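Each chain, letter by letter, is given below.
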Amino acid sequence: MSEFPLLLENSVITLQEAFIGLLLGVSVGFCVAVLMDTFNALYKAFYPLLIITQTIPSVAIAPLLVLWFGYEMTPKIVLIVISTFFPVTVGLLDGFRSADKDAIGLLRSMGASRIQVFRYIKFPSALPQLFSGLRIAAAYSVVGAVISEWLGGFGGLGVYMTRVKKAFAFDKMFAVIFLISAISLALMALVGFAEKKCMPYRNTNEKEKKV
Amino acid sequence: MNKLEVKNISKSFGDNHVLNDISIELNRGELVCLLGVSGGGKTTLFNIISGLLTPDKGQVLLDGNNITNQPGHISYMLQKDLLLPYRTIEDNAALPLLLKGVKKKEARMQVSPMFRQFGLEGTQKKYPAQLSGGMRQRAALLRTYMFSKDVALLDEPFSALDTITKSSMHKWYLNVMEKIQLSTLFITHDIDEAILISDRIYLLSGSPGEITGEIVIKEPKPRREDFNLTEEFLEYKRKILSLL
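As you go down the protein sequences, you meet chains Z and C in turn.
In my numbering, each residue's number is its place in the first sequence (first place is 1) plus 15.
In my numbering, each residue's number is its place in the second sequence (first place is 1) plus 18.
Just chain C, with the same shape it has in the complex (with noise of 0.2 Å):
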């Protein structure tokens, strides 16, 4: 059964219209990218899917269930990791279970075992200026994950950081993905990180923002080492490029 489901939505500001009759369907522990270039709506589309804009027309589904314009149920992380400098990195990820009043104490010891599972032992009393970018991102989705346990939206969470750290960062991030059973839908305009990370690609055109194509990666997880060096790596990205 598909875990998100967005159908047929469109949206409009004004005479702009940003999303055009968008549906995307993401299963059960899969990873989908929304590949597109900037500007094209897709941060518009995550608003819908948490819930803070509401369609013109169409649905969002959970689990089945309608959640078209209610906040609360999925949450995003974005490029900032908006960490709030001014609470450690173990209140940080405790954040959620705070809103839900959730007590102090209860909340942290709740996050504690996800610090090991997360690579972010030794951080919990740090505050986030003493850490690196990539940490910072890791203590951000685990902020989100601790609010739904189950889907993570991420809006190119790893642009803002350098080539190297980035690289060790997907290879995290599959690894914690497997671990927790999570869910992602991840936008990017990185062609060759879609291709690294995904099960599957929606391909997104700018204005009005529309799904062009759809491709599926077939290599199977984990992916090799050298994968992005191989014959059917740049197959994928010469089909994208000529869908783009």
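Bound-form chain Z, shown alone (with noise of 0.2 Å):
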């Protein structure tokens, strides 16, 4: 417990990460989507691609990403882009698939432009996936955190790991470990609240038959 102050300070550092990192995966994963969804060509081209990134390791490029980057933050938020972009341009890529193809039928009859066929349909189809991309990658950017900070760093939860480590110090590596999945629950928690707020008509379960 003495050492409350010195995690809660690594911790600061990791959030920071995770944050940043999650915030511009996200960024780059909806980009990414938009514009596969929106070019066919590009959807072809890229998709064997996107899905050779995720089969890299994480652990392997670490290190490389340190060489190219140094020890600052730049190779640890570059990481967790690289893993947290994937489960939401995967997500919204389904989901933008998924939209109702009747649906879209009838707004074009009415006039509406392709943007306008995105933002009321397909945007919104999508959000149920876009929610469950957006856990994983909650879960991934904190994880993501702690192993490109094993690898070399200055603080973060990561690197305190790897000192308790050499010093013996399991009761302080298990008090770590909760931390750290502490934070991804709360992160994850967060999105769940998000959702419940962006997505109302879901809550409304009760039904009145009318006519």
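These aren't lab readings, by the way, just hints derived from the structure by calculation.
Note that the structure is a prediction, hence the values are computed from the model and not measured.
Glycine is no exception: its CB is placed at the ideal position from the N, C-alpha and C atoms.
Fair warning: there could be bad hints in the mix.
Reference listing, derived: stretches of chain Z covered by chain C, where coverage requires no fewer than 3 residues with Cβ under 8 Å from a Cβ of chain C [what the hints assert, rightly or not]: (1) 110-122; (2) 129-137.
Keeping only pairs whose Cα atoms sit at most 30 Å apart, straight-line, the calculated DSBU-like set for lysine-lysine is [claimed, not checked]: (3) K189(C) <-> K211(Z); (4) K239(C) <-> K25(C); (5) K144(C) <-> K121(C); (6) K116(Z) <-> K121(C); (7) K116(Z) <-> K118(C); (8) K184(C) <-> K239(C); (9) K239(C) <-> K197(C); (10) K143(C) <-> K212(Z); (11) K122(C) <-> K212(Z); (12) K116(Z) <-> K98(C); (13) K144(C) <-> K122(C); (14) K255(C) <-> K184(C); (15) K121(C) <-> K211(Z); (16) K189(C) <-> K167(C); (17) K212(Z) <-> K144(C); (18) K211(Z) <-> K25(C); (19) K212(Z) <-> K123(C); (20) K116(Z) <-> K167(C); (21) K143(C) <-> K118(C); (22) K144(C) <-> K184(C); (23) K167(C) <-> K122(C); (24) K143(C) <-> K116(Z); (25) K121(C) <-> K143(C); (26) K116(Z) <-> K144(C); (27) K121(C) <-> K75(C); (28) K143(C) <-> K122(C); (29) K212(Z) <-> K239(C); (30) K212(Z) <-> K118(C); (31) K116(Z) <-> K25(C); (32) K98(C) <-> K239(C).
Hints are included, so try docking the two chains, each in its own frame, into the full complex.
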């Protein structure tokens, strides 16, 4: 318990990395999904490539990233972006494709533009998948941050972990593991909260029969 | 003058000749049924009229203006209500206005007086999943109406409803139509429904789709309660069955 201020200080660093990485990862994931959905050629060209980025073990590229970007925050954020954009992109792409074709036809008959079709149908119908992707991404972001800190850095829970490991302080080791889980859970709960706020129509279960 | 005129439309998809020389007229305030077997190209015809598909030959005229291959003039309504589940009924009905660039507040203002006319009071803030099938079809019709105030294309709109709801929807629809001066082109494969509600019926044969006959229902509107039990009704039905 005596190390509480130290833990706090390190978790702030890790959380910062996770947040920035997640934010960037989600934005990149969103842009990639929109582009790939709009241009079918891009979809065909980049989908396999996208999957390949996920087959590379993050532990393996983390040292390379450190080599290229140094010990500061950049390599950590890059790693998090690589591991978080994927679930977002895949979720959104699936969601866009699951949009009701008849509904799109109807909107077009009303003279809707492509952007309007996206706004009124494609994007909202992809929201459930987007949030599933976001939950996974939130968990990945914390894990990604810790892994990249293991391999070099000046602060963060990963660095703290390697230090206590070398000191054979297993009690502190467990403390960190619990802390990391707790942070992941908190992030996921945050996503769940946002989901409820964004999709109020999902909470309306009571049905009223009329006519 | 004709509200809507479809002139000599033909359409093929590859070797599949779907529509052959279809001509239809719809007068102001009239309800015209297009009666035919499923898969007879009725839906293709609707897509052509609403401008989503280009016909190989022929024209679509609205108030005498050529609107062939121009989406954005006439909308349609399907058996599936296609209400957006993530928007309230009010916003669903206002959707055509929003698409035209009307501000949300203004669009809601324009829609709200129509809820009474369509028998949808109290559903403004509800989501589609909270309504029954019949009410959802009403909302879908209101949306269609907000888009084009005088012509509606309906593609088997009530065929997913049970018989009792369906017959109450027929009465409701004729009533609303009269109030708002709507002209309707109505696709159905249900002969009784066609006789019950139309002023005129076009019979459409399958592959290739051709108009094989036209029947005028002379029974005045509003129709008698027991019209579908009368000898005249059966006479119309016999005639249609012999022509199909």
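Do the hints match the structure? See the list:
Only residues whose C-beta sits within less than 8 Å of a C-beta in chain C count toward coverage, and the stretch 110-122 of chain Z has 6 of them, enough to reach three; the restraint holds. For a cut-off of 8 Å, the count of residues in the stretch 129-137 of chain Z with a CB near a CB of chain C stands at 3, and the three-residue condition holds. With a C-alpha separation of about 40 Å, the suggested pair K189(C) and K211(Z) falls outside the 30 Å cut-off, and the hint is violated. For the given pair, K239(C) sits about 28 Å from K25(C) by alpha-carbon distance, which is consistent with the 30 Å threshold.
The suggested pairing of K144(C) with K121(C) holds, with an alpha-carbon distance near 21 Å, which does not exceed 30 Å. Between the alpha carbons of K116(Z) and K121(C) the distance comes to roughly 26 Å, so the proposed pair stays at or under 30 Å and holds. A distance of roughly 21 Å separates the Cα atoms of K116(Z) and K118(C); the hinted pair therefore holds under the 30 Å criterion. Restraint check for K184(C) and K239(C): satisfied, since their Cα atoms lie roughly 18 Å apart, inside the 30 Å limit.
Pair hint K239(C) plus K197(C) holds up; C-alpha atoms about 13 Å apart against a cutoff of 30 Å. For the given pair, K143(C) sits about 17 Å from K212(Z) by alpha-carbon distance, which is consistent with the 30 Å threshold. Proposed proximity of K122(C) and K212(Z) is supported: the alpha carbons are some 20 Å apart, at most 30 Å. Taken as a hint, the K116(Z) and K98(C) pair is honoured in the structure, with Cα atoms around 12 Å apart against an allowance of 30 Å.
Restraint check: the Cα-Cα separation between K144(C) and K122(C) comes to about 17 Å, which is no more than 30 Å; the hinted pair holds. Among the hinted pairs, K255(C) with K184(C) is consistent with the structure: their alpha-carbon atoms are about 19 Å apart, no more than 30 Å. Between K121(C) and K211(Z), the direct Cα distance comes to roughly 26 Å. Compliance with the 30 Å bound is thereby established for this hinted pair. In summary, the hint linking K189(C) to K167(C) is supported, as the alpha carbons are separated by about 20 Å, within the 30 Å threshold.
For the suggested pair K212(Z) and K144(C), the alpha carbons sit about 17 Å apart, so the restraint of at most 30 Å is met. The hinted pair formed by K211(Z) and K25(C) fails the criterion: a straight-line CA distance of about 51 Å is larger than 30 Å. The hinted pair formed by K212(Z) and K123(C) meets the criterion: a straight-line CA distance of about 21 Å does not exceed 30 Å. Straight-line distance between C-alpha atoms of K116(Z) and K167(C) comes to about 25 Å, which keeps the hinted pair within the 30 Å bound.
Using a Cα cut-off of 30 Å, the hinted pair K143(C) and K118(C) holds, with the two alpha carbons roughly 22 Å apart. With a C-alpha separation of about 23 Å, the suggested pairing of K144(C) with K184(C) holds against the 30 Å cut-off. Between K167(C) and K122(C), the direct Cα distance comes to roughly 19 Å. Compliance with the 30 Å bound is thereby established for this hinted pair. Between K143(C) and K116(Z) the CA atoms are separated by roughly 26 Å; this keeps the pair inside 30 Å, and the hint holds.
The suggested pairing of K121(C) with K143(C) holds, with an alpha-carbon distance near 18 Å, which does not exceed 30 Å. A threshold of 30 Å between alpha carbons decides the hint, and for K116(Z) with K144(C) the separation of about 24 Å falls inside it, so the pair holds. Between K121(C) and K75(C), the direct Cα distance comes to roughly 39 Å. Violation of the 30 Å bound is thereby established for this hinted pair. A distance of roughly 14 Å separates the Cα atoms of K143(C) and K122(C); the hinted pair therefore holds under the 30 Å criterion.
A hinted pair counts as satisfied when its Cα atoms are at most 30 Å apart, and K212(Z) with K239(C) does not qualify at roughly 50 Å. Distance hint between K212(Z) and K118(C) is fulfilled; the C-alpha atoms sit about 28 Å from each other, no more than 30 Å. Pair hint K116(Z) plus K25(C) holds up; C-alpha atoms about 28 Å apart against a cutoff of 30 Å. For a cut-off of 30 Å, the pair hint linking K98(C) to K239(C) stands: about 28 Å separates their Cα positions.
Going through the hint list in order, the structure does not satisfy hints 3, 18, 27 and 29.
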